[in-house]
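Trainee: Chains as they are written, first to last, in our numbering: chain A, 1 to 183; chain B, 1 to 244.
Quick caveat, the hints were computed from the structure, so don't treat them as lab data. Glycine included, C-beta positions come from ideal geometry on N, C-alpha and C. Among these hints, one or two may not hold up.
Keeping only pairs whose Cα atoms sit at most 20 Å apart, straight-line, the calculated DMTMM-like set for lysine to aspartate or glutamate is [said to hold, decoys possible]:
| no. | chain 1 | residue 1 | chain 2 | residue 2 |
| --- | --- | --- | --- | --- |
| 1 | B | K51 | A | E141 |
| 2 | B | K51 | B | D12 |
| 3 | B | K51 | A | E135 |
| 4 | A | K48 | A | D76 |
| 5 | B | K233 | A | E60 |
| 6 | B | K51 | B | E41 |
| 7 | B | K51 | A | E136 |
| 8 | B | K51 | A | E51 |
| 9 | B | K233 | B | E192 |
| 10 | A | K48 | A | E60 |
| 11 | A | K48 | A | D58 |
| 12 | A | K48 | B | D229 |
| 13 | A | K48 | B | E138 |
| 14 | B | K51 | B | E27 |
Anything over 12 Å on all C-beta distances counts as not near chain A; from chain B, calculated [what the hints assert, rightly or not]:
| no. | residue |
| --- | --- |
| 15 | N15 |
| 16 | A16 |
| 17 | E46 |
| 18 | D60 |
| 19 | E148 |
| 20 | V179 |
| 21 | R185 |
| 22 | N193 |
| 23 | Q203 |
| 24 | H216 |
| 25 | A227 |
| 26 | V231 |
| 27 | V242 |
Residues from chain A that keep clear of chain B, each with C-beta distances beyond 12 Å, as calculated [what the hints assert, rightly or not]:
| no. | residue |
| --- | --- |
| 28 | D58 |
| 29 | E60 |
| 30 | S64 |
| 31 | G147 |
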Amino acid sequence: MKFAALLRRARGFESELELHRTALFRVACAWSHERALADDLVQDTLLKALEHADQLRDPERLRSWLFGIMANRWRDHLRALRPTVDIDVLDEECFCSDETPDVAYGRGEIVIRVRAAVARLPIGQRQVVTLVDLEEFSYAEVAAILGIPIGTVMSRLCRARLALREQLRHTDVVPLPRLRSAK
Amino acid sequence: MKDDVKNDLSHDRLNALIDGQLDYFEEGRLLDAIQRDPGLERRVSELRLLKELIRHAYHDQLPAGARNRGERPRNWPLMVVAAVVLIALGVGAGWTSHAWQQRDGDTDLSRLAHRSGAVAQIAAANRVVLHVSSSAPERVYAMLDDAEAMLRAARTSGQPIAIEILANSTGLDILRIDVPGPSGRLASLRAENPNLTLVACGQTIERLRERGVTVHLLPQTVVATSALDEVVKRIHEGWTYVRT
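Given these sequences and hints, build the entire structure.
Mentor: Next up, the structure:
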């Protein structure tokens, strides 16, 4: 590709990159539930993106490319924490917060209760549900970002939402009796 | 629970419905079914509410210093343009490798040039940030070898060069005198080369402080706000960035 074309392409990215920084941070917070760790994760992701900018062939895929980098950095982080545990086991079972929504309920904030419920999800489910709900990625995009089959995306999403529903129902965050029909 | 979910296809379909993943016809069929079934209708409502709750729970999570949408970002374009320059230069990096080898038959430099044409190109740029974010010995010592080789070659040839070693995350260990590592070698290198600057990521130091760790850095180490800020600043100033 000609240098001038690359430059034009780079200039076209500028506003998007800044917006993605916020989106990456939001999802990093939802994955880690620790602002400091999210800060580091996003910084690491953007530096990695800078280093490998030449690998992004299709500017349309910038968003999912960045989230894919962040997912890999997150996995590296988890591996570093638990080097002897299979990463797939981490996805399915580990790194859940010990804080229950009931504990968070004591602090009275719906936001805190929802975050506590999300934090209790296994990390694999947490990643899928936040990518779908916060960033509105399609299932196919989530599969590509996380490097898992679409079927796994769907099953993790399903289990995540069932678990969230149960946890939040106990604390009355999901007010089932008062719900109106949504068509 | 896993098997239950696998066997209950309606969960997947309802999720797909609220996530906009169904095609027009399938969505129509499912909506018809929902209208006829109050139980399904309630489940869809629950799912939609959950989705909204999650969005609401995180919508105000903003990174420090995040700007409003309408404000034009100042630093990112420079980073991207600089990266593009590196990519463009990297295409023709072979001549630089050749030049380095001719100038100095040093095996380190030959290895450096062969390992990465971009790094060899960067060495000719005279102002280089070497960023290390890992304490993995192979990365750390490769970076130190490269820095030494560039400094030595520049000294031999009389070509001015400024090198900044920037460390964050676990890579910060190389600048710490309170943990085992190559800080002694770095201290010697710094003493012999006033054109070598050591920079630590303030964000990493703050994280460690929050965990109760007091960081003791090599003398003359500069603390930047964050590694990312430092990289942006240096690129803005025309430095060449290399992540090791």
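Trainee: Each hint: holds or not?
Mentor: Hints and how they fare:
Straight-line distance between C-alpha atoms of K51/B and E141/A comes to about 18 Å, which keeps the hinted pair within the 20 Å bound. Straight-line distance between C-alpha atoms of K51/B and D12/B comes to about 15 Å, which keeps the hinted pair within the 20 Å bound. Our distance criterion of 20 Å between C-alpha atoms is met by K51/B and E135/A, whose separation comes to about 11 Å. Restraint check for K48/A and D76/A: the C-alpha separation of about 13 Å stays at or below 20 Å, so the hint holds.
Annotation: proposed proximity of K233/B to E60/A is violated, straight-line Cα distance about 28 Å (limit 20 Å). For the proposed pair K51/B and E41/B, the alpha carbon gap of about 15 Å is at most 20 Å, so the pair holds. Only pairs whose Cα atoms come within 20 Å are accepted, and K51/B paired with E136/A is accepted, the gap being roughly 10 Å. Distance check on the hinted pair: K51/B and E51/A sit about 35 Å apart at the alpha-carbon level, beyond 20 Å; violated.
Our distance criterion of 20 Å between C-alpha atoms is broken by K233/B and E192/B, whose separation comes to about 26 Å. Straight-line distance between C-alpha atoms of K48/A and E60/A comes to about 19 Å, which keeps the hinted pair within the 20 Å bound. For the hint linking K48/A to D58/A, the alpha-carbon distance of about 17 Å falls within 20 Å, and the restraint holds. Taking the CA atoms of K48/A and D229/B, the gap is near 14 Å; set against the 20 Å cutoff, the hint holds.
Distance hint between K48/A and E138/B is fulfilled; the C-alpha atoms sit about 19 Å from each other, no more than 20 Å. For a cut-off of 20 Å, the pair hint linking K51/B to E27/B stands: about 18 Å separates their Cα positions. Residue placement check: N15/B does not keep its beta carbon more than 12 Å from all beta carbons of chain A (closest about 6 Å). In this structure A16/B is not separated from chain A by more than 12 Å, as the shortest Cβ-Cβ distance comes to only about 7 Å.
Chain A draws E46/B into its interface by the beta-carbon criterion, the shortest separation being 6 Å against a cut-off of 12 Å. With 12 Å as the threshold on Cβ separation, the claim that D60/B sits away from chain A is violated: the shortest Cβ distance comes to roughly 8 Å. Against chain A, the non-interface label of E148/B holds: every CB pair exceeds 12 Å, the least being about 22 Å. With a minimum CB-CB distance of about 16 Å to chain A, V179/B clears the 12 Å threshold, and the non-interface call stands.
The Cβ of R185/B sits about 24 Å from the closest Cβ of chain A, beyond the 12 Å cut-off, so the non-interface label holds. Against the 12 Å criterion, N193/B stays outside the reach of chain A, whose nearest CB is about 25 Å from its own CB. Against the 12 Å criterion, Q203/B falls within the reach of chain A, whose nearest CB is about 6 Å from its own CB. At roughly 21 Å from the closest C-beta of chain A, the C-beta of H216/B stays outside 12 Å, upholding its exclusion from the interface.
Distance to chain A contradicts A227/B as a non-interface residue, since its nearest Cβ pair spans about 6 Å, not more than 12 Å. At roughly 7 Å from the closest C-beta of chain A, the C-beta of V231/B falls inside 12 Å, breaking its exclusion from the interface. A beta-carbon of chain A is positioned within 12 Å of the beta-carbon of V242/B; the least distance is around 9 Å. No Cβ of chain B approaches the Cβ of D58/A within 12 Å, the least distance being about 16 Å, so the stated non-interface status holds.
The claim that E60/A lies off the interface holds: its Cβ sits roughly 16 Å from the closest Cβ of chain B, which is beyond the 12 Å cut-off. S64/A, annotated as away from the interface, keeps every beta carbon of chain B farther than 12 Å; the closest lies near 16 Å. The Cβ of G147/A lies farther than 12 Å from every Cβ of chain B, with a closest approach of about 19 Å, so its non-interface assignment holds.
In summary, the structure is inconsistent with hints 5, 8, 9, 15, 16, 17, 18, 23, 25, 26 and 27 from the numbered list given earlier, while agreeing with the others.
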